[in-house]
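Chain by chain, the residues run as shown.
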Amino acid sequence: MSRLLLIATALLFLGVFLLLPLLAVFVQALANGFGAYYVAVSEPMAWAAVKLTLLVAAIAVPLNLVFGVAAAWAIGKFEFRGKSALITLIDLPFAVSPVIAGMIFILIFGAHGWFGGFLRAEHVRVVFAVPGIVLATVFVTFPFIARELIPLMQAQGNADEEIARSLGATGWQCFWRVTLPNIRWGLLYGVLLCNARSMGEFGAVSVVSGHVRGLTNTMPLHVEILYNEYNYTAAFAVASLLALLALLTLAGKNVLEWRQPELRPAARRPRDGTRREPA
Amino acid sequence: MSIALRGVTKQYGDFAAIDDIDMDVSTGALTALLGPSGSGKTTLLRIIAGLEIPDAGQVLFDGNDATLWPIGDRKVGFVFQHYALFRHMTVFENIAFGLKVKRRRLRPARAEIRKKVQSLLELIQLGGEQDRYPAQLSGGQRQRVALARALAVDPRVLLLDEPFGALDSQVRHELRRWLRRLHDELHFTSIIVTHDQQEAIEVADSIVVLNRGRIEQAGIPSEMYDLPNSAFVHRFLGQVNELPVRIRDGRAYVGPIDISAACDVPEGGGKNVALIRPHEIEIGEPASGWLATIVAVRVIGPIVRIDLCAEGQPLHEPLEAEISRERFEAEHFSMGQKVGLRFRRWQVYPAAA
Numbered sequence: 001m002s003r004l005l006l007i008a009t010a011l012l013f014l015g016v017f018l019l020l021p022l023l024a025v026f027v028q029a030l031a032n033g034f035g036a037y038y039v040a041v042s043e044p045m046a047w048a049a050v051k052l053t054l055l056v057a058a059i060a061v062p063l064n065l066v067f068g069v070a071a072a073w074a075i076g077k078f079e080f081r082g083k084s085a086l087i088t089l090i091d092l093p094f095a096v097s098p099v100i101a102g103m104i105f106i107l108i109f110g111a112h113g114w115f116g117g118f119l120r121a122e123h124v125r126v127v128f129a130v131p132g133i134v135l136a137t138v139f140v141t142f143p144f145i146a147r148e149l150i151p152l153m154q155a156q157g158n159a160d161e162e163i164a165r166s167l168g169a170t171g172w173q174c175f176w177r178v179t180l181p182n183i184r185w186g187l188l189y190g191v192l193l194c195n196a197r198s199m200g201e202f203g204a205v206s207v208v209s210g211h212v213r214g215l216t217n218t219m220p221l222h223v224e225i226l227y228n229e230y231n232y233t234a235a236f237a238v239a240s241l242l243a244l245l246a247l248l249t250l251a252g253k254n255v256l257e258w259r260q261p262e263l264r265p266a267a268r269r270p271r272d273g274t275r276r277e278p279a
Numbered sequence: 001m002s003i004a005l006r007g008v009t010k011q012y013g014d015f016a017a018i019d020d021i022d023m024d025v026s027t028g029a030l031t032a033l034l035g036p037s038g039s040g041k042t043t044l045l046r047i048i049a050g051l052e053i054p055d056a057g058q059v060l061f062d063g064n065d066a067t068l069w070p071i072g073d074r075k076v077g078f079v080f081q082h083y084a085l086f087r088h089m090t091v092f093e094n095i096a097f098g099l100k101v102k103r104r105r106l107r108p109a110r111a112e113i114r115k116k117v118q119s120l121l122e123l124i125q126l127g128g129e130q131d132r133y134p135a136q137l138s139g140g141q142r143q144r145v146a147l148a149r150a151l152a153v154d155p156r157v158l159l160l161d162e163p164f165g166a167l168d169s170q171v172r173h174e175l176r177r178w179l180r181r182l183h184d185e186l187h188f189t190s191i192i193v194t195h196d197q198q199e200a201i202e203v204a205d206s207i208v209v210l211n212r213g214r215i216e217q218a219g220i221p222s223e224m225y226d227l228p229n230s231a232f233v234h235r236f237l238g239q240v241n242e243l244p245v246r247i248r249d250g251r252a253y254v255g256p257i258d259i260s261a262a263c264d265v266p267e268g269g270g271k272n273v274a275l276i277r278p279h280e281i282e283i284g285e286p287a288s289g290w291l292a293t294i295v296a297v298r299v300i301g302p303i304v305r306i307d308l309c310a311e312g313q314p315l316h317e318p319l320e321a322e323i324s325r326e327r328f329e330a331e332h333f334s335m336g337q338k339v340g341l342r343f344r345r346w347q348v349y350p351a352a353a
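For the record, the sequence lines run as chains A and B. Numbering of the first sequence is given in our numbering, commencing with residue 1 and proceeding in unit increments. Numbering of the second sequence is given in our numbering, commencing with residue 1 and proceeding in unit increments.
None of these hints come from the bench; they were simulated from the model. Don't take each hint at face value.
[Stated by the list, open to error] 16 angstroms max Cα-Cα, derived EDC-like pairs, lysine to aspartate or glutamate:
| hint | chain 1 | residue 1 | chain 2 | residue 2 |
| --- | --- | --- | --- | --- |
| 1 | B | Lys116 | B | Glu93 |
| 2 | B | Lys75 | A | Glu162 |
| 3 | B | Lys271 | B | Glu285 |
| 4 | A | Lys77 | A | Glu161 |
| 5 | A | Lys77 | B | Asp154 |
| 6 | B | Lys100 | B | Asp154 |
Take the sequences, apply the hints, and build the full model.
This is the structure we're talking about:
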């Protein structure tokens, strides 16, 4: 009886807080029929926003992938001075509001910022242009992969690598054949979170983008603009694309897990519950 | 291959994990490094493997200075307590790993690798299990796979770090005997780290007892059991009863028993203890020795353990004696019975040690 009650509560909660909003997005997007939906998403400005969002994610995620693995490797497998300081530093983007993150880049690269004069002389645009958006996104999504891997690599220790080395494997072979397979599920999960956040980031990007339609508008920014213009159908249509991208990444993860059934238990690890971000 | 350590020292901050150790391991011998946790035995093994670099001293392989050789060049097989099998690889892939990562020029052909792995699978009695994953094996099977993986690259020395520590006692016993047989067949040089004196005595040709980063004593197991050279080794290699020694008129006594005959009467005013193993206590008629009362009897298969409260000794510190089941049944010892104790053998050490 109590079990049923628990399950019912969980399902109700899921329904109200997760499924219902998701459904609402699609219902609202299709409120005026498929024709209107198609017009809204194929409009050039919307399409430009989709392309920019994908471009930013395509740069930010690989960068943070390399950084995250390197940082987690250093922290998980070696002892060195300043390790706890490094861990704190990695968490910084979680602690700082994204708006402030955006302001930092304005301060550094803006017209009146530290490097403003230099950049203008070199005709390089950072703020209110694509490089600024990429920088802000990299900053905000900085901790996702590293945070996912650090506890995993710390728990796994060095034994596997030591064995591999004693069997004659080089450092490279060790990494590709032993370390990477050991962390691949955590890594995949980190990449998915990082990807989702870099496509969905609003605050920091909003500050540095300048909202130039067709040039520096990412999908979340475009949704906001449409919404502010009372163009609800179009706003929700673009929002539904964003939601669709998120659903696709989750589906991709499940397919990958399903194709490697014998490895699934290894992926199920307790994760730290400290991940939280300010609004 | 023979291994020699000369003046090897390793510090961690202010803590000397290994303090100026000299040690020799002869070719084909199975040597046990025995000691309590924190004694430095694992650090020593890791230095030999090349997983740690000593701060001072030399590691010699067959007389060549191997102190700074990278781990991959040492040709050591390493086996951990927790197996460290590659969990994403099958049993076959695990064992073949060392062969597959060889440089192209040195790498055996596929068929050759297959043959070698098959023969190792037979050796570890896991033929037919090559497609399983580590998670699908029992602890004992995993450790055998770890051993086969280490043997696949034909190591010159096999290093085992508490290899049976995570297994239950039944499996541990079987695996120990199997390792000993394997060692006798293949004749590789092996060093096994353990904190279990039973294991060291059962499996090793020679034992090195470590304490606080130094060697307390090294030698053949049975000799060390009978003739430990310090109270530490005496206590560590088996159960002991510790009794205060009293000196009167130039003779040494434990209770009313004169033990001067088989030991040097300690000089000076310091306190001394006599260490006596449970099976070295003889139980007889009350008049035959130190008067004692039987306070507990436990029959443990072929032996019987008897707790005795000797006259003049504190009640909460009963002596422990061990006699054979046959003897126990012939004598009909029972709780509360008065008996007389004598000692077959003992050793006296300064009490501070």
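To see whether the hints hold, each was checked on the structure:
1. Lys116(B) / Glu93(B): Status holds; Cα separation ~12 angstroms.
2. Lys75(B) / Glu162(A): Holds - the C-alpha atoms of Glu162(A) and Lys75(B) are around 13 angstroms apart, at most 16 angstroms.
3. Lys271(B) / Glu285(B): 31 angstroms, violated
4. Lys77(A) / Glu161(A): At roughly 10 angstroms apart (the allowed maximum being 16 angstroms), Glu161(A) and Lys77(A) satisfy the hint.
5. Lys77(A) / Asp154(B): 28 angstroms, violated
6. Lys100(B) / Asp154(B): The hint holds at about 14 angstroms.
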